Amino acid sequence: MFHWLEKHPFFFAVGVFLAIAFAGLVEILPNFAQASRPVIGTAPYSTLELAGRQVYIKNSCNACHSQLIRPFKSETDRYGHYSLSGEYAYDRPFLWGSKRTGPDLMRVGNYRTTDWHENHMKDPTGVVPGSIMPAYNWMFTNNADINTAYAEQLTVAQFFSVPYNKPVPMKDGSTKIVKMGASVAEANADALAEAKVIAADMKDQNIKDAIARGEIPEIVAIIAYLNSLK
Amino acid sequence: MENRPLEYDYTVAKMFMLTTILTGIVGMLIGVILAFELAFPGINTILGDGLAEYTNFSRLRPLHTDAVIFGFTLSGVFATWYYVGQRVLKVSMAESGFLMFIGKLHFTLYVVGVIAVIVSLLAGVTTSKEYAEFEWPIDIAIVVVWVLWGMSIFGLIGIRREKSLYISVWYYIATFLGIAMLYLFNNMEIPTMLAASPAGETGFGAWYHSVSMYSGTNDALVQWWYGHNAVAFGFTVPIVAMIYYFLPKESGQAIYSYKLSLLSFWGLMFVYLWAGGHHLLFSTVPDWVQTMGSIFSVVLILPSWGSAINMLLTMKGEWQQVAASPLIKFMVLASTFYMFSTLEGPIQAIKSVNAIAHFTDWIVGHVHDGVLGWVGFMIMAALFHMAPRVFKRELYSKSLMATQFWIQTLGVVLYFTSMWIAGITQGMMWRAHDEFGNLAYSFIDTVTVLHPYYTIRGVGGLLYLVGFLMFAYNIYKTMTSGRRVEENELQSASPMGA
Numbered sequence: 001m002f003h004w005l006e007k008h009p010f011f012f013a014v015g016v017f018l019a020i021a022f023a024g025l026v027e028i029l030p031n032f033a034q035a036s037r038p039v040i041g042t043a044p045y046s047t048l049e050l051a052g053r054q055v056y057i058k059n060s061c062n063a064c065h066s067q068l069i070r071p072f073k074s075e076t077d078r079y080g081h082y083s084l085s086g087e088y089a090y091d092r093p094f095l096w097g098s099k100r101t102g103p104d105l106m107r108v109g110n111y112r113t114t115d116w117h118e119n120h121m122k123d124p125t126g127v128v129p130g131s132i133m134p135a136y137n138w139m140f141t142n143n144a145d146i147n148t149a150y151a152e153q154l155t156v157a158q159f160f161s162v163p164y165n166k167p168v169p170m171k172d173g174s175t176k177i178v179k180m181g182a183s184v185a186e187a188n189a190d191a192l193a194e195a196k197v198i199a200a201d202m203k204d205q206n207i208k209d210a211i212a213r214g215e216i217p218e219i220v221a222i223i224a225y226l227n228s229l230k
Numbered sequence: 001m002e003n004r005p006l007e008y009d010y011t012v013a014k015m016f017m018l019t020t021i022l023t024g025i026v027g028m029l030i031g032v033i034l035a036f037e038l039a040f041p042g043i044n045t046i047l048g049d050g051l052a053e054y055t056n057f058s059r060l061r062p063l064h065t066d067a068v069i070f071g072f073t074l075s076g077v078f079a080t081w082y083y084v085g086q087r088v089l090k091v092s093m094a095e096s097g098f099l100m101f102i103g104k105l106h107f108t109l110y111v112v113g114v115i116a117v118i119v120s121l122l123a124g125v126t127t128s129k130e131y132a133e134f135e136w137p138i139d140i141a142i143v144v145v146w147v148l149w150g151m152s153i154f155g156l157i158g159i160r161r162e163k164s165l166y167i168s169v170w171y172y173i174a175t176f177l178g179i180a181m182l183y184l185f186n187n188m189e190i191p192t193m194l195a196a197s198p199a200g201e202t203g204f205g206a207w208y209h210s211v212s213m214y215s216g217t218n219d220a221l222v223q224w225w226y227g228h229n230a231v232a233f234g235f236t237v238p239i240v241a242m243i244y245y246f247l248p249k250e251s252g253q254a255i256y257s258y259k260l261s262l263l264s265f266w267g268l269m270f271v272y273l274w275a276g277g278h279h280l281l282f283s284t285v286p287d288w289v290q291t292m293g294s295i296f297s298v299v300l301i302l303p304s305w306g307s308a309i310n311m312l313l314t315m316k317g318e319w320q321q322v323a324a325s326p327l328i329k330f331m332v333l334a335s336t337f338y339m340f341s342t343l344e345g346p347i348q349a350i351k352s353v354n355a356i357a358h359f360t361d362w363i364v365g366h367v368h369d370g371v372l373g374w375v376g377f378m379i380m381a382a383l384f385h386m387a388p389r390v391f392k393r394e395l396y397s398k399s400l401m402a403t404q405f406w407i408q409t410l411g412v413v414l415y416f417t418s419m420w421i422a423g424i425t426q427g428m429m430w431r432a433h434d435e436f437g438n439l440a441y442s443f444i445d446t447v448t449v450l451h452p453y454y455t456i457r458g459v460g461g462l463l464y465l466v467g468f469l470m471f472a473y474n475i476y477k478t479m480t481s482g483r484r485v486e487e488n489e490l491q492s493a494s495p496m497g498a
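Chains C and S, in that order, give the protein sequences. Position 117 (the first sequence) corresponds to 117 in my numbering; numbering is contiguous. Position 60 (the second sequence) corresponds to 60 in my numbering; numbering is contiguous.
Take every hint as true, because none was put in to throw you off.
Which residues of chain C face chain S? A few of them, derived with a C-beta cut under 7 Å, are:
| no. | residue |
| --- | --- |
| 1 | P9 |
| 2 | A13 |
| 3 | S85 |
| 4 | R92 |
Calculated directly from the structure, the hints in this document are not laboratory data. Model, not experiment: these values are computed from the prediction. Ideal placement from N, C-alpha and C gives every residue a C-beta, glycine not left out.
One chain only, chain S, in its complex shape:
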């Protein structure tokens, strides 16, 4: 190994950092609008009756979930890959013109795909399947983007100097394979443009429309096998990849246990896919599938907590860093929220709990303590760690980071506590009977009771968005006016201005 460190090329990483921030702002802003639409329905027509179709809750809802999943999170995954990949494989993108071309093409087509998704969802072009709403032309574009990313991963691995793949690379490979398999099978559809009438007419109707290969119960089973595991391989696996790299780097501590990381990785790979059935408890899918989904969800605590505990123990004896560095705070709280969320999920997957929780806001709360607390915090921490190294500048403001941390933490807490109460209240009211065995509440009673919780949730979401804007500002100022730093200041803890 040379004494001089390699000059890594972060061109593509920087591009994806930009889309992480932009799609993050868009996705979270839409989320806040949706939250307040539920609390104050008048906001549905905030831009007037003429545009109501495009500001309406139901039209915006898939845009929120997809902007956060395929915009913010996926951009963050790509940004960190183009940063982490080079460093742990000890090879620079600049060494291969081909891989650099692939990386830039990957980014360009990704941006085209994001724009196509925004336009089509606003127009109401959707297949209705959650997180797989895109019609077949966009599906094909997404497959191309994904294959390009795969070429980048395996291309970089192919020219690596470090022969052993670091833990983070395992997780990036798993992300690539998992999403590829799930996405392909869940989006099997037949374009209706192929139809020919008995009279011989062809080419009528919307050219982009398609019909699912699966019907009813099968469609639901495939969809939630996908839906649950899109969470697994989008919100868990690549985020674990990030924390395995960034926490040891930032803290200067070695990973606590290699064996624990092995157990967690292979355990997660094997167990996660089984758990999709917990989205379909008491539905018309076979009972044994439901039971398997329920049981494996509980088993899933083991590999999930394995990773999270491995992270917390990595900080063993170094807890003063948590107090001293807001960047470490983000990562430690992220792994804490990961533990919290992966305990809450299995509890909701127990049949008797699910009978109350399913279809309520408790599920929405669960998603958000995972995504805001774990995914969001970890991606922002990763970008905070990357910024000084990518721009060769000091992080603009430590105090702004600390303020952001507390504002967002408060936001997350308000979000999930209000949704717990809302969900359990509504679940209990739906099933309540009076002394004569009649339903105790009409449906609307169970809606109006939620108003205060919807309002609190909206405030929580708004606080998180405000924190995210502070994050964007901090990164922008780092890029433009942070103090220039030398390589020797970038060994472990990131340099931060006041």
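Isolated chain C, as found in the complex:
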């Protein structure tokens, strides 16, 4: 049979394809629908948080930081409750990372604050002596891309039925509505309102001035995102 295949390239290629396609079908398909269902307490990202998530991706923060807490005592002691599949339901793409050069960030919003991040992003060793993380000063001058974040919100709402402007069940039995603007101007206004709350906890005068001018520096967006990780 193999000698025959080696003289018939088409059937050879078909044979190879069947051999390699098999595993993917068996491993990926069966759990597909179930794995994408959110758990109670998981809400979609707001426009500003999503813009911050894009800043996180733009700078490949996931090259050094994981967002996946494994079910070991040492990990739950350090980072909090281990990760549940449904908590990632609105993560497109997933940001688990593959290397922990720095600590896990899955629940960093539980134990770090806006001013901590502000100081840390400017001068990591000033906050954590011995840190090998570089400073991210350009996040204080570049502006976040709110329009793209809004376009992403609209896309996921349309194609994947992500529940924006709809009540989402929370752990305490209440519901939460994450707003998505009806126009680009409204989305920008909502993001700016959220950014003002963050900037109020920050010290940098340039940031406060930028917000007053109606701009949203990247640092404000990424802090909004990091604070949302709980």
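Chain S: place on chain C using the hints.
Same frame as chain C, but now just chain S:
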């Protein structure tokens, strides 16, 4: 069969040899910079604060992996295909104007794609998925490049004189099919430029941005099904194709066992794809997927070692060639590193080992003993073997090759030993508890302890880069000032100058 050998046309092979060397230098140089950034963080701002955004570790990291995978390795795969394909199918590219056109178009679009990737990654345009960072416009370009390569493979097969496909061709076909399937499914994404707001506005936001078709756990599963098997079909399958051709050619020895090559090929095809789950142990993907990933990773030793042992046994009774020829040395050490790396991987895929190894530098070490020791050595050996035949000149310097071999071997050894120690040290420190059950170390303790190992790794990487520059110089001198040779000197062992 004619008595006169066919005149093969190596135009396209030469073009890809050039990009193999150029992207190799770029990718490895960035790698060395990254290594020293971890040891000495000040290097992150080496070009000043104004350019810090572009010299920063996190911005450069995808550029390093992609330059080495899609630049150096893929160029090497294409270069060897345009050389090996003609020879084992007994047909010249010059016989078909169409295939020559396809080959040149393939190269041109490939170069355009590489430039687009470099620019977009430096600008921070990325999807964040490892080795699939490119946004949809580049994805489409990559698919076109890939289809052109497929046309070249099957076109050449279509006009072949030798009816039986040699083992190397099996592996090239598998590379083409495997990457095509994986890349398409992992990069399913929806461009956000299609969005329309309730107010009726369209076309706002970055036009190149997209959102993944899969979310969370599914996205991770598809990504590591891709990520692991991009390694399989980029770093393993085509490299095996190379060694099945170049080792017998250079040594003048026949392949030890046809049956072993059959078992290894079909075994590898079937088993490799299952193993992706070992990247997701203790994550939120279903437990049975994790267990399958773990078990199949161990099974994978069989087909991997099958190929490697087949190569080593091909040298049976001819071991004096290893001592005599630096070119044979590169290939024998490559298959040895292949064995080493395909044993190390399964060990890391065992759940209890993975609990310590995952997220640490041990994984980084594993990748690099495979890529530096196996992929890098084999591609350089292939180019060394091709150069005299392509340029009709003697290899410029044998002693330079030998020196390069030992410098790079030392570099690889420094790299993986330091990363073993770093990874296991950090993994053990993360999980250490004191007598009261509290964590024994804060996270930063587990970072500062790694400084000496990061420094050693940087030195190891630098040695490898120095060796690679010696390789580039040697090929350049071969091309420009090597002694001219006749066809009869090119039968088996490559001619080498002092």
